[in-house]
Amino acid sequence: MKSTHTEGYFNQALLELNHSPNQDLLNGLIKNFGSKDAAQEEYLKIRTIEIQEDEERKERERKTIEENDWIVI
Numbered sequence: 001m002k003s004t005h006t007e008g009y010f011n012q013a014l015l016e017l018n019h020s021p022n023q024d025l026l027n028g029l030i031k032n033f034g035s036k037d038a039a040q041e042e043y044l045k046i047r048t049i050e051i052q053e054d055e056e057r058k059e060r061e062r063k064t065i066e067e068n069d070w071i072v073i
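Going by our numbering, the first residue of the sequence shown is number 1, and it counts up by one from there.
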């Protein structure tokens, strides 16, 4: 199941890259790697991790809110 989630995060990053990439990140990677292909590959790695971490943070926050709601009631 974890790989399915990771694949979903990768697909989200790929969609972002194809339609509205973070230009600052992409341009910096192109400058660092000297190749658009290598930069795009690294972009996907970075954004997949960032998207996953963001989703996990949102889930933790949601659970904390739910737990706090139980405490308040």
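These aren't lab readings, by the way, just hints derived from the structure by calculation.
Please read these numbers as outputs of a predicted model, since none were measured by experiment.
A virtual CB, placed ideally from N, CA and C, is assigned to each residue, including glycine.
One thing to keep in mind: the hints can contain errors.
As the list claims (entries may be wrong) - With a Cα cut of at most 35 Å, we get these calculated DSBU-like pairs of lysine-lysine:
hint : residue 1 : residue 2
1    : K63       : K31
2    : K31       : K45
3    : K31       : K58
4    : K36       : K63
5    : K58       : K45
Claimed, not checked - Here are the in silico distance ranges between beta carbons for each label pair:
hint : residue 1 : residue 2 : range
6    : D54       : Q23       : 16 to 22 Å
7    : K36       : N68       : 16 to 22 Å
8    : G34       : E59       : 34 to 40 Å
Practice task
Run the structure past the numbered hints and jot down the numbers of the failing ones, going up.
Solution key: 1, 4 and 7
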